[in-house]
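Enquirer: Add chains V, R and B to chain U, keeping to what the hints say.
Protein chains: 4
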Amino acid sequence: MVLKHKTRNKEYYKYFCNISTRWNDNDVRWHLNNAKYYEFFDTVINNMLFDLKSINLKCSKDIFVTAETGCKYFEEISFPDKILAGLKIDHIGNSSIKYDIGLFKNDNINISAQGFFVHVLINQDTNKPISIPVKLKDDLKSYA
Amino acid sequence: MVLKHKTRNKEYYKYFCNISTRWNDNDVRWHLNNAKYYEFFDTVINNMLFDLKSINLKCSKDIFVTAETGCKYFEEISFPDKILAGLKIDHIGNSSIKYDIGLFKNDNINISAQGFFVHVLINQDTNKPISIPVKLKDDLKSYA
Amino acid sequence: MVLKHKTRNKEYYKYFCNISTRWNDNDVRWHLNNAKYYEFFDTVINNMLFDLKSINLKCSKDIFVTAETGCKYFEEISFPDKILAGLKIDHIGNSSIKYDIGLFKNDNINISAQGFFVHVLINQDTNKPISIPVKLKDDLKSYA
Amino acid sequence: MVLKHKTRNKEYYKYFCNISTRWNDNDVRWHLNNAKYYEFFDTVINNMLFDLKSINLKCSKDIFVTAETGCKYFEEISFPDKILAGLKIDHIGNSSIKYDIGLFKNDNINISAQGFFVHVLINQDTNKPISIPVKLKDDLKSYA
Numbered sequence: 029m030v031l032k033h034k035t036r037n038k039e040y041y042k043y044f045c046n047i048s049t050r051w052n053d054n055d056v057r058w059h060l061n062n063a064k065y066y067e068f069f070d071t072v073i074n075n076m077l078f079d080l081k082s083i084n085l086k087c088s089k090d091i092f093v094t095a096e097t098g099c100k101y102f103e104e105i106s107f108p109d110k111i112l113a114g115l116k117i118d119h120i121g122n123s124s125i126k127y128d129i130g131l132f133k134n135d136n137i138n139i140s141a142q143g144f145f146v147h148v149l150i151n152q153d154t155n156k157p158i159s160i161p162v163k164l165k166d167d168l169k170s171y172a
Numbered sequence: 029m030v031l032k033h034k035t036r037n038k039e040y041y042k043y044f045c046n047i048s049t050r051w052n053d054n055d056v057r058w059h060l061n062n063a064k065y066y067e068f069f070d071t072v073i074n075n076m077l078f079d080l081k082s083i084n085l086k087c088s089k090d091i092f093v094t095a096e097t098g099c100k101y102f103e104e105i106s107f108p109d110k111i112l113a114g115l116k117i118d119h120i121g122n123s124s125i126k127y128d129i130g131l132f133k134n135d136n137i138n139i140s141a142q143g144f145f146v147h148v149l150i151n152q153d154t155n156k157p158i159s160i161p162v163k164l165k166d167d168l169k170s171y172a
Numbered sequence: 029m030v031l032k033h034k035t036r037n038k039e040y041y042k043y044f045c046n047i048s049t050r051w052n053d054n055d056v057r058w059h060l061n062n063a064k065y066y067e068f069f070d071t072v073i074n075n076m077l078f079d080l081k082s083i084n085l086k087c088s089k090d091i092f093v094t095a096e097t098g099c100k101y102f103e104e105i106s107f108p109d110k111i112l113a114g115l116k117i118d119h120i121g122n123s124s125i126k127y128d129i130g131l132f133k134n135d136n137i138n139i140s141a142q143g144f145f146v147h148v149l150i151n152q153d154t155n156k157p158i159s160i161p162v163k164l165k166d167d168l169k170s171y172a
Numbered sequence: 029m030v031l032k033h034k035t036r037n038k039e040y041y042k043y044f045c046n047i048s049t050r051w052n053d054n055d056v057r058w059h060l061n062n063a064k065y066y067e068f069f070d071t072v073i074n075n076m077l078f079d080l081k082s083i084n085l086k087c088s089k090d091i092f093v094t095a096e097t098g099c100k101y102f103e104e105i106s107f108p109d110k111i112l113a114g115l116k117i118d119h120i121g122n123s124s125i126k127y128d129i130g131l132f133k134n135d136n137i138n139i140s141a142q143g144f145f146v147h148v149l150i151n152q153d154t155n156k157p158i159s160i161p162v163k164l165k166d167d168l169k170s171y172a
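Residue numbers (the numbering used here), protein chains in the order written: chain U, 29 to 172; chain V, 29 to 172; chain R, 29 to 172; chain B, 29 to 172.
Looking at chain U on its own, in the form it has when it is part of the complex (with noise of 0.2 Å):
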């Protein structure tokens, strides 16, 4: 990973979780493997939206799909470091959330890396997008 600026510190973000590395995270160079940040991406936003009460993720028929997802590296993490995951919602729309989420190395002030995800609601017996209930996007906005 390659040093660029890191504008980002904690105050930035509305909702947090740890997560621990792993042995096998770590890739040949001894660095976290760049597919293991979506890893990190999809656990805080889930976590995040376990704590709802307007969403059941295990028996909806209404689901979240993945339609973007992206991240600049800026510096190495290794196992056995351990992360502080940020989130932001950066915008809710008709039926689609975008999210901004930071990962914290160790004690870091600033982001080691900064990713954005873009979920869909969709329905599951039409496979089409469908309007984020009210309830939902209430909830949401407390994190955007």
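If you are wondering where the hints come from, they were derived from the structure by calculation, not from laboratory data. This list has only true hints and no planted wrong ones.
Intra- or inter-copy, both count: the list cannot distinguish identical chains.
List time: in silico EDC-like cross-link candidates among lysine to aspartate or glutamate, alpha-carbon distance up to 20 Å:
| hint | residue 1 | residue 2 |
| --- | --- | --- |
| 1 | 110 | 79 |
| 2 | 86 | 153 |
| 3 | 133 | 103 |
| 4 | 89 | 167 |
| 5 | 126 | 166 |
| 6 | 126 | 103 |
| 7 | 86 | 167 |
| 8 | 100 | 128 |
| 9 | 38 | 103 |
| 10 | 89 | 153 |
| 11 | 89 | 104 |
| 12 | 86 | 109 |
| 13 | 86 | 103 |
| 14 | 100 | 118 |
| 15 | 89 | 103 |
| 16 | 126 | 167 |
Expert: Chains V, R and B in isolation, oriented as in the chain U frame:
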């Protein structure tokens, strides 16, 4: 995943590899988890690099690190689908390479997902970007 | 991995599938991480089960859960090696199946790793083991 | 996973680490995929080894390779459950170590899964097993 325009077909790409899906690539939604797509991007790129005589991935002090990645998901892929990954080099800079990758599901003509991947060549001792050697650059151009 | 006797060849197995390795299957030692082998066991078993008409993996209320697994590692496999996974059913009990799996590296004649895998058929509503239906048992016997 | 006797509690183990689960640890059955358990075994063992002064995991020419692994699954674990991994050394041989690992789900008193893991110390130049140095052996004994 949400349907969008799928504009690229196999003619667009310059290097290919076959990827078999695995039972646990599927997440709870019975589709490949979004992070798995990045494992495939890494795999097609490194398969191509392994084929080159102008760099030794295993022994060289100069290594590629990942600076930025992204993916658009056009349609669902599920185990036991098979994947053909196509690669094209979008840009070769002084020390960086930008790859464009398309994933074709089974015998599909158009891509199911499109990714990009930015590699930067660094020296492991200094941890700083270095110029891509001329011979390597020439080899890479055959995939541009 | 450490060399031991490798006693099994392709004649021993009854069902096969090809598995492509991925860049991040390698861990820091430049060999496939030990956990990846279990992804392959799962994959060859479920590929076989997907081929059977007597069970619908996706819709059935009766599902296979994993009770016990194990692996002996005879020699290193590394990306970009290719793998052929061979499967043989060791034992079919009232509600359980024990699989024997061998992994062949590239064009090797003998196995590089040998695993076993115990599946138990349970009903998702009761979470209790149930008898394997006769038709399914008959289908499975062709791999025993 | 299928309920069996769960005989071990936290007193049995000598070294512990906390492991956070991830969204895509769950497979289509909404439980952690069986291969993930081996990521946890690897992680608790290497966390312990990283803590030791008598071996340098990153720079040493002598490395541990995995000869055999196994796991019994007693009850389901699902993201977002939390895991406590406990480790005890069962046997220290001339060049091999056998670990016993128990995974505790959330605040459970008894293990949800029990694994074993055999490491062999080899020299990377010869690829042959070597005797475990006395100092390292002494350090390891504190976890036996």
